[in-house]
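Student: Can you build the whole structure from these sequences, using the hints too?
Throughout the sequence shown, residue numbering follows our numbering, covering 9 to 224 in sequence.
Hints were generated in silico from the structure; no laboratory data involved.
Heads up, some of the hints might be wrong.
What the hints assert, rightly or not - In silico SDA-like cross-links for lysine to any residue, where the CA-CA straight-line distance does not exceed 20 angstroms:
1) Lys150 to Arg26
2) Lys165 to Thr181
3) Lys196 to Thr181
4) Lys150 to Asp193
5) Lys35 to Asn12
6) Lys35 to Lys150
7) Lys150 to Gly140
8) Lys150 to Arg30
9) Lys43 to Asp167
10) Lys43 to Asp104
11) Lys35 to Ala132
Said to hold, decoys possible - Quick list of simulated restraints, FRET-style, between CB atoms:
12) Thr181 to Lys220: 32 to 38 angstroms
13) Thr223 to Ser172: 39 to 45 angstroms
14) Tyr151 to Pro39: 40 to 46 angstroms
Ideal Cβ placement from N, Cα and C applies to all residues, glycine included.
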Amino acid sequence: MAGNTVITIGRQFGSGGRYVGRLLAEKLGIPFYDKELLSEAARYSGICEEIFEDHDEKPTRSLLFSLVTGMQMHGDAGSIYMDMPLNHKIFLAQFDAIRRLADEQSCVIVGRCGDYVLRDHPNAVSVFVKAGLEDKVERAVKYYGVDPLKAEDVIRKADRQRASYYNYFATSTWGDVDNYDLCVDTGKLGVEGAVELICRYVEIRDQVLSGKKITL
Numbered sequence: 009m010a011g012n013t014v015i016t017i018g019r020q021f022g023s024g025g026r027y028v029g030r031l032l033a034e035k036l037g038i039p040f041y042d043k044e045l046l047s048e049a050a051r052y053s054g055i056c057e058e059i060f061e062d063h064d065e066k067p068t069r070s071l072l073f074s075l076v077t078g079m080q081m082h083g084d085a086g087s088i089y090m091d092m093p094l095n096h097k098i099f100l101a102q103f104d105a106i107r108r109l110a111d112e113q114s115c116v117i118v119g120r121c122g123d124y125v126l127r128d129h130p131n132a133v134s135v136f137v138k139a140g141l142e143d144k145v146e147r148a149v150k151y152y153g154v155d156p157l158k159a160e161d162v163i164r165k166a167d168r169q170r171a172s173y174y175n176y177f178a179t180s181t182w183g184d185v186d187n188y189d190l191c192v193d194t195g196k197l198g199v200e201g202a203v204e205l206i207c208r209y210v211e212i213r214d215q216v217l218s219g220k221k222i223t224l
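Tutor: As structure tokens, this is what we get:
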């Protein structure tokens, strides 16, 4: 891969996007960041990791909640975030963590507006993982233990939450094809097929950027 190649994964609930990201990282031999990103953000920002977990990819909380919990920090590192609402502190700390990781290493990052944060990074590849509703329901029931009778509602609620979070902080539209380099349907390709397609995309992209002839 060319330079520090960072692959960001946006995903619909039940599409298997997290699993795609993990398998992709294993196949490419690079680090994987999902919940792990919260620890990175907490370590450098001075904000308690528990607060990151409570706010992880969730729509904004009330102003009162921000005022009550906004001082729950440790050390001096968090002082730069003191004068902004808590939800903005959380996003900015994750933003900084994503940018720092992208400058230091190749990796796969799931969610947290990664495609938006790295939209100007020369070696970032943004992927959106989707699937049909029937396929998402099947995965949610099988792997996440969701009640079959409630699965559709759970999926729609989770996706609305992700969209609300993304649309607020990224100032663009979650799931809009114009925001991503590649959209992959795991319902049609399966998780392994999606991983193979993303790997091939990265390979072709590197060949085009380096001026080499594309190998078929």
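Student: Does the Cβ pair Thr181, Lys220 satisfy 32 to 38 angstroms?
Tutor: holds, 35 angstroms
Student: Need the status of pair Lys196, Thr181: alpha-carbon distance at most 20 angstroms?
Tutor: Roughly 24 angstroms between the alpha carbons, so the hint for Lys196 and Thr181 is violated.
Student: When you check the alpha-carbon spacing of Lys35 and Ala132, does it fall within 20 angstroms?
Tutor: It holds: about 18 angstroms lies between the C-alpha atoms, which stays within 20 angstroms.
Student: Does the Cβ-Cβ separation between Thr223 and Ser172 fall within 39 to 45 angstroms?
Tutor: Cβ of Thr223 to Cβ of Ser172: about 42 angstroms, so the range 39 to 45 angstroms holds.
Student: Measure nothing beyond the straight line between the CA atoms of Lys35 and Asn12; if it is 20 angstroms or shorter, mark the hint as holding.
Tutor: The given pair, whose Cα atoms are some 16 angstroms apart, holds under the 20 angstroms limit.
Student: Between Lys150 and Arg26, does the CA-CA distance stay at or below 20 angstroms?
Tutor: The given pair, whose Cα atoms are some 15 angstroms apart, holds under the 20 angstroms limit.
Student: Holds or violated: Lys150 and Arg30, Cα atoms, limit 20 angstroms.
Tutor: holds, 19 angstroms
Student: Between the beta carbons of Tyr151 and Pro39, is the distance compatible with 40 to 46 angstroms?
Tutor: Taking Cβ atoms as reference, Tyr151 and Pro39 lie about 23 angstroms apart, which means the hint is violated.
Student: Assess, step by step, whether the Cα of Lys43 is no farther than 20 angstroms from the Cα of Asp104, and give holds or violated.
Tutor: holds, 15 angstroms
Student: Verify the proposed pairing of Lys165 with Thr181, using a straight-line Cα cut of 20 angstroms.
Tutor: holds, 17 angstroms
Student: For a C-alpha distance cap of 20 angstroms, please report whether Lys43 and Asp167 respect it.
Tutor: Satisfied, since the Cα-Cα distance of roughly 18 angstroms is no more than 20 angstroms.
Student: Would the hint linking Lys35 and Lys150 be met if the CA-CA limit is 20 angstroms?
Tutor: Not satisfied, since the Cα-Cα distance of roughly 24 angstroms exceeds 20 angstroms.
Checked against the numbered hints given earlier, this structure breaks hints 3, 6 and 14; the rest are met.
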